[in-house]
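Student: Next come the chains, spelled out residue by residue.
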Amino acid sequence: MPIRTERSARREPAPASHPVGAPSRRPEHPGSPFTRPAPRRPDPSAARLALAAGGIATLSALVAVIAGSAVPASTVASTQPANTVASTSNGATVPYGYIQSGQAAPAVVATQLAPSVPVQASVVTRQSGARP
Amino acid sequence: MTAGAPVRGPAEAASLPLRRTVNRSQAMGGDLEVHVAVARRGSVTAAERDAARVASRVRAWAGRLTRHDPASELMRANADPRGVVPVRPTLAAALRWAADAVELTGGIVDATLLRERLAAESPARAASAAGAGAATASSRRPASPGALAAPAAWRLEGSLHRSGLVHRQPDIAFDLDGVAKGWIADRALALLDRHPGALVDADGDLAIHSAEGDAWEVGVADPRASGVQLAVFVLPGASRGALYGLATSGISVHRWTGPDGERHHLIDPRTGRPATTDVVQATVLAATARAAEAWAKTAVVLGLVGALGVLDRAPILGAVLLASDGRVLAIPRTTRWLA
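Protein sequences, first through last, are from chains A and B. Last residue of the first sequence: 132 in our numbering, with the numbers rising by one and none dropped. Last residue of the second sequence: 471 in our numbering, with the numbers rising by one and none dropped.
Quick caveat, the hints were computed from the structure, so don't treat them as lab data. The structure presented is a predicted model; accordingly, all values stated were derived computationally and were not measured. A hint or two may mislead.
[Unchecked claim] Restraint ranges, calculated between C-beta atoms of paired labels, are given here:
id : chain 1 : residue 1 : chain 2 : residue 2 : range
1  : A       : Val109    : B       : Glu394    : 55 to 63 Å
2  : B       : Ala178    : A       : Val109    : 26 to 34 Å
3  : A       : Ala114    : B       : Pro218    : 46 to 54 Å
4  : A       : Ala114    : B       : Glu180    : 31 to 39 Å
5  : A       : Ser122    : B       : Leu292    : 30 to 38 Å
Note that beta-carbon positions come from the ideal geometry of N, C-alpha and C, so glycine has one too.
With the rest of the complex left out, here is chain B (with noise of 0.2 Å):
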């Protein structure tokens, strides 16, 4: 299969879908969907069988991965005084990817904002979340702007599907919140691809793999008005297939109104503290999910001047993003996957 590299212009291949079947649940808190295209001489039955299966995989590795539940096994990990903590192998392949996160975004994406983020949210639940006698945020992250954390804080030890040890500062919580999104997206698809094309839609972020003569379309929510899209994304087949990941981050729908204003869930790493940002939502198209989501979060945290830079120079196929003022931008090489 070819990430990003269709061999049909959009139109052609819309003209030729695919039937499909869809698996419609609860993940993650929000809405899970998968999607299987259907063989021209397969089976319907089998691929909803299949989109159950993985729909089912899914809520089990979101389970391990939460930080609403006390018994995961990111929290209790979390809460594990020991400096080195063993993981299981969901948990530990998770992490793997927080690590590749931060060395692709220079540090924005940060998984170990737990307390930042609790903080935001709640400056009562910072304190008593992630274990007792640990050091706040404020402690252990930079007053400065442009000062990211002191790197290796913590690093993980162990080889690809296995389990594995978490070594880290005694003061280090974990948040895997979007990227786990992302990552569990794209190891869900991974199990359909005896299908021509499907698609995982877990909370917004999508991994999609789009067959030969086939197309998926797929809309930004405009965050403003309920049934509105912002733009509409047409991700054509290729000769053995296309892999795509769309992922949409923003500060419009988490928010809560505190004693110093209003607050968001995205953490700035520079500062500890919801980032003050000039974007409200950033939808990023690559060639997977968990990497679509890690840019779009940096599009929001670095803002609309910054973002766009960045953007322009990342290894991504395209972006849109709303801003502040109400101006939907995109980098140049986005139009072309535009309806």
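So that you can see chain A by itself, here it is in the shape it has in the complex (with noise of 0.2 Å):
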């Protein structure tokens, strides 16, 4: 049975001349029986709004990385204190800013001690020239 397609994209084949499936050995050239026609193409209008509008987010996200780059680390560090430990109560693990000029360090964390231990040893660590 030969296969149908659509009349406007495709001249029928022969009947019988190849078996359903089987693929045609003979070359295709103009002219020729087998010659088809250009397919129809689809309507470009939908495409070309298409990449104008993904081409404008491309552009829109590149300025912005390019103009959050050109904040030098400086002004960055500018916007902070320059003691950034947070005051906490005891024994809170506090955040801090570290940044160096044109430098950006990851932030680390310090632990605010109570003022005093109740707890007392014989032996201190202590400046130099001061009483034990």
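Each chain sits in its own coordinate frame; assemble them with the hints.
Tutor: Have a look at this one:
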């Protein structure tokens, strides 16, 4: 049984010249019985519209990235106080910023201890010249 | 022995204390204590004898390295006008550590700040100290912060445990001070290695050997009030012993009032002047006293934010800082060593 295709796009092949599904070994060239007309292209308007929208989005993202990286590290640092260790209760872990000029280091933490401890040791480390 | 690698928890170790003996004397302008843990079947008398012998050695080393005696090896070398100066083994070894400390701390610890230190104490003394005709501090030091002194202002030639030759620029004068104290504490501790544990307190810089089943408790003095401690470290032993160093540096003890305001003794090598800092005191726990002292001094000079960042990356076990606003801060890994 012949395969039916869209009539406008493809000419119906000669009946029984090939089994169904068998590939044609005949060359296809203009004027031959196997010449097909050019397939109809889809309407390009939608694709162009999508391409334009994608381009605008890409450009916007690029501009945002460039503008963000243009801010120097020192400016970032200056938005924070020089000492950013937060004042919290005893034993709390507090973040602090450590930023040198032109460099942004990852934030690490310090632990705030009680002002003094009830336990007293007989041996002490101290500043030189201080009484133990 | 293992540096800072206990196998027992502090509470368990503290339950099995060894007997201890202590020798107390004066050295390095402060208090010297040599504690020795006595083996369970050991002789207290032998421990006392060794403690006294080590204390005597400490005083001898301190006498060679002090800047307060013109006849000391250090000050004789400072007064020597030659560019290449021979030094004896003790001074050579201390200078070797001073050179290492420069590398370790990125130049913040600098043993060539004698004139700057004297200028902070008394401008008149600075001119007369360490040899006539030497350049002043301001002529040698860069004026702008952040620019450390030119490298290779001096170097030591010689092998370990031997005399050496110091090659230096003519205006270089050494002040070993805390560098020497930490080094002396470590060297003294090494002389006590036949005992199961020992602690050498060299005017606040401590070298500690903690035996298995034992632990040393060491407080951090609060400089604002006598007899008060900011924290207490518990330093347990390990199966083959554990070595620790604890040292404290700060700006609240050695202070002077000059015409331009308050001064202290910790010189920032980037400016040649007393450091402008919001760290009143820094205590560092490390594997050796000399390293602890170097990092503690660095922390004070850098100020709070810089210090916390540097200490977080430094090869130390912990650190406790007293800020000028009264807060007591520690780097996080410190807490495992606190009581």
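Student: Each of the hints needs a verdict: does it hold here or not?
Tutor: Outcome of the hint check:
1. A:Val109 x B:Glu394: 55 to 63 Å: For valine 109 (chain A) and glutamate 394 (chain B) the Cβ distance comes to about 32 Å; the hint is violated.
2. B:Ala178 x A:Val109: 26 to 34 Å: Since alanine 178 (chain B) and valine 109 (chain A) have Cβ atoms about 47 Å apart, the given range 26 to 34 Å is violated.
3. A:Ala114 x B:Pro218: 46 to 54 Å: holds (52 Å)
4. A:Ala114 x B:Glu180: 31 to 39 Å: holds (37 Å)
5. A:Ser122 x B:Leu292: 30 to 38 Å: Holds: the Cβ-Cβ distance is about 36 Å, inside 30 to 38 Å.
Against the hints set out earlier in the document, violations occur for numbers 1 and 2.
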